[in-house]
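Based on the hints, put chain B with the ligands in the right spot on chain A.
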Amino acid sequence: MSAHAETDCLNLTLNIWRQEGPHATGSFEVRQLQDISTHMSFLEMLDCVNEDLVSEGREPVSFDHDCREGICGMCSLVINGQVHGPQPETTTCQLHMRHFKDGETITIEPFRAEAFPVVRDLCIDRTALDRIITSGGYISVNTGSPQDANATPIAKPDSDLAMDAAACIGCGGCVAACPNAAAMLFTGAKVSQLALLPQGAPERESRVLSMVETMDAEGFGNCTNEYECMAACPKAIDVSHIARMNREYMRASLVGSSP
Amino acid sequence: MAQQLDSKCPSGPIEERWTRHKFALPLVNPANRRKYTVIVVGSGLAGASAAASLGEMGYSVLNFCIQDSPRRAHSIAAQGGINAAKNYPNDGDSIQRLFYDTVKGGDFRARESNVYRLSEVSNNIIDQCVAQGVPFAREYGGMLDNRSFGGAQVARTFYARGQTGQQLLLGAYGALMRQVKNGRVQVLPRREMVDLAVIEGQARGIVVRNLVSGEYERYSADAVLLATGGYGNVFYLSTNAKASNASAAWRCHKRGAFFANPCFTQIHPTCIPVSGTHQSKLTLMSESLRNDGRVWAAKETGETRRPSDIPEDMRDYYLERRYPGFGNLVPRDVASRAAKIECDLGHGLGATGQAVCLDFRDAIAKGGKDQIAAKYGNLFQMYEMITGENPYEVPMRIYPAVHYTMGGLWVDYNLESTIPGLFILGEANFSDHGANRLGASALMQGLADGYFVIPATITAQIAGRSREAVDTNHPEFARIEESARTRNEQILSVGGGRSAESIHRELGLIMWDKVGMGRNAAGLQQAQKEIAALREEFWSNVRVPGTSDHQNPGLEHAARLADFLELAEFFAADAEHRKESCGGHFRDEYQTEDGEALRRDDEFAYAAAWEFNKVGQPATLHKEELSFEYVKLATRSYK
Ligand SMILES: Cc1cc2nc3c(=O)[nH]c(=O)nc-3n(C[C@H](O)[C@H](O)[C@H](O)COP(=O)(O)OP(=O)(O)OC[C@H]3O[C@@H](n4cnc5c(N)ncnc54)[C@H](O)[C@@H]3O)c2cc1C
Ligand code: FES
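Protein chains in written order, with our numbering: chain A, 785 to 1043; chain B, 12 to 650.
These are calculated hints, taken from the structure and not from any lab test.
Yeah, the Cβ is synthetic: ideal placement off N, Cα and C, and Gly gets one too.
There could be a bad hint or two in this list.
As the list claims (entries may be wrong) - Pairs of lysine-lysine residues, derived as DSS-like cross-links and limited to a Cα-Cα distance of at most 25 Å, are as follows:
#: 1; chain 1: A; residue 1: LYS940; chain 2: B; residue 2: LYS380
#: 2; chain 1: A; residue 1: LYS940; chain 2: B; residue 2: LYS377
#: 3; chain 1: B; residue 1: LYS634; chain 2: B; residue 2: LYS19
#: 4; chain 1: B; residue 1: LYS625; chain 2: B; residue 2: LYS540
Claimed, not checked - The calculated label-pair distances, taken between Cβ atoms and stated as ranges, are:
#: 5; chain 1: B; residue 1: SER551; chain 2: A; residue 2: PHE812; range: 28 to 38 Å
#: 6; chain 1: A; residue 1: PRO963; chain 2: B; residue 2: GLY153; range: 39 to 49 Å
#: 7; chain 1: A; residue 1: GLU873; chain 2: B; residue 2: PRO335; range: 37 to 47 Å
Isolated chain A (complex conformation):
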């Protein structure tokens, strides 16, 4: 710990998106904030904003958060135009104020995409992602029927690659970062995880066909290879999973299993 960092404090100007509900028109509220410790997380800084608002008798800013350790996928802010802020492989809740400068102006907005309507202020509705999973993002196995866990060996490289894909936290940052608001990285990660595992084989075709179909129906855009999704992904999910999904999709269309 560098000794001087202890005392480092920031004064900031914030432009915070406020919107009363899905159908209301929103606007930025400008707020000044003093003496923010560089040890604070970004959300702790927003806690300070909310404490100020309460003392003024005003309703706090709504923003989604829960685990505050980068795993639940609740937090979902666009900070100075960047999904989850300036640090690579970092969720909003893991971003710390040491990455900002004294006197800086910070603009804070919700993830924006047609498929993610605003609920209130910085809070959005991401149930479209749940509906993509509902359409087939699982292995159909009932409780109680399986064989012994070690009955089917799985090569470590495959299992590791499946885990890389499974690390997706479902925050929707990929959608917000994509100029087309595509959900290819999110959907690709799940398709890829299950395609890499032998357990996923029986539903290999139907899964990819239904998930892609739902993704389109939910109003997500198309992939035009911008790679913004991967750059914004806090878990560094690789675009090769999109490529695998595309191959799976092609294959399934040829094999011709209907969802």
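Just chain B with the ligands now, kept in the frame of chain A:
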């Protein structure tokens, strides 16, 4: 209500009890199940696994959670792993040994029958999860890998990098969403349960507040399952997610469900220390790190050097010194208390002196940086993100933090509370962990409850009792909805000068100082007075702006805090009543000469199940005496 506690534990040889009990339970014809509605509150490991399994069986399930998606429940944050008695590494593990370790680890305050059942189904859980596509870590030969975890001398922990909870929850969530597609389960996210409808003595529904519209909604059912997690956030600072709360359980307690052993709380030894007054939660560093990291404090008091500058002969590897048998792998309660003792003695490190070191220097020298990175890469990265320090180069600083609550609503062997038809699963029940939970056993218990226990035992209510059809027009629904609404309006109308946030922080300080790791009668009495006064202050001076007819995060937090302020006093009273030290409950007055916990089995070998009377008034104690037929009562020793 003069109620006799009947644990409904079967008798006979322990290995046969669960099988025999299942056989004795009534069955529900598959064709009829659709006619029965089951409410499942919570979508963590316990709730999601229960809702999915009951859906597969054909019941009509309604599943509620606070988050915007069931996949985001607090279980997602579990890092380290999940236990099972598979004995894949051939190191002498067995159901018997997992059972023994859990009873002993819980310091003999758990029910033997339940613990045995938990150990028994542990293996099915792993099979189930692998079948769902959970990518557990594997060895090069393609078989599943295991590691050892605090309190165990065998490697029985399955893991998925440092994201085991996430992978298990996503498995359960997938199963849940499959039932949504099949029309068996309806998922209702962004809903907060605010009360329980007890009609003619049975739990028949709930009232929730819709966290988007602010409206109150009523749901009726044939049975209600609560899987709402633990109440660690009563300490304000804990490793729990911010929305984790006690409200659902507490409201059920006020409707007649007994609450057991609230003072049994786990303080986890390896968390990132507090860095300032702005701190909003604490981050856990998985205990698996203790497999390779060595814990040390300064040998002398007044050490001001940076940990990496402190020479070897000035470091005290106090766990290895005090517990040569288990060393760095002693159970959590032992490790946490030892860290507190070191810091209290002035051997702590860093700017605050409230930290000890977890050092990977030797492990990196031995196995290389890559090996450590492969095992713990994401944890090291997380540590660096939060502290700005690189743990490959300097020792991690750690300190204990509130992590898990062993106490919870009392349940019988069927997981049913003292309100018929109300079942409690996962961390929300008073659990199979006694006075201390072993690492990697919460995930096991949550999934055991949801996948394997409740699908069998729910028939005790569904087929075992008769009841009239009830819909949400029943006057009881109107009454409880009105009481929930009035309470929220009251909170909004106080219009005082203090934020809920600041009151919650103050509550946390009282709890940590007087009801935390070192408890004594005077402190516990003082805490109860201070909490009662703080509760008064809340109701006369809190300031919660806005209205309740839309999403209002300030109101949501304040309403949960109001429940914590009641629970906290009750918690301290339970701690005062338990005049012994056991597991996570350490009373200064009851310790051995060398400072270890002194259990008093003659007087306290019972689960304390409390019946609610009135806010601010003592609850009534009902004792469930615990008998130990298979694991002999003995003083725990990890020396
Ligand atoms: C950081 C961390 C790491 C951990 N690591 C491990 C580990 O490695 N191994 C291990 O075994 N255990 C671990 N644990 C413990 C374990 O994760 C938890 O005990 C377990 O996940 C709890 O699961 P649950 O299903 O009971 O509840 P939770 O996962 O807490 O879920 C609670 C659910 O209830 C809902 N809910 C709550 N209140 C209401 C309400 N009023 N209305 C509607 N819904 C409500 C929530 O929305 C949520 O869906 C860890 C815990 C933490 C904090
Ligand atoms: S709050 Fe959970 S990922 Fe950010």
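The hints, checked one at a time:
1. Distance restraint check for LYS940 of chain A and LYS380 of chain B: the Cα-Cα separation of roughly 20 Å lies within the 25 Å cut-off, and the hinted pair is therefore satisfied.
2. At most 25 Å may separate the alpha-carbon atoms for a hinted pair to count; LYS940 of chain A and LYS377 of chain B meet this at roughly 24 Å.
3. Of the supplied pair hints, the one linking LYS634 of chain B and LYS19 of chain B holds, its CA atoms being roughly 15 Å apart against a limit of 25 Å.
4. For the given pair, LYS625 of chain B sits about 16 Å from LYS540 of chain B by alpha-carbon distance, which is consistent with the 25 Å threshold.
5. Distance hint check for SER551 of chain B and PHE812 of chain A: the Cβ-Cβ separation is about 36 Å, which falls inside the suggested range of 28 to 38 Å.
6. At roughly 41 Å, the beta carbons of PRO963 of chain A and GLY153 of chain B sit within the given window of 39 to 49 Å.
7. Between GLU873 of chain A and PRO335 of chain B, the C-beta spacing of about 41 Å keeps the proposed range 37 to 47 Å intact.
Checked against the numbered hints above, the structure breaks none of them.
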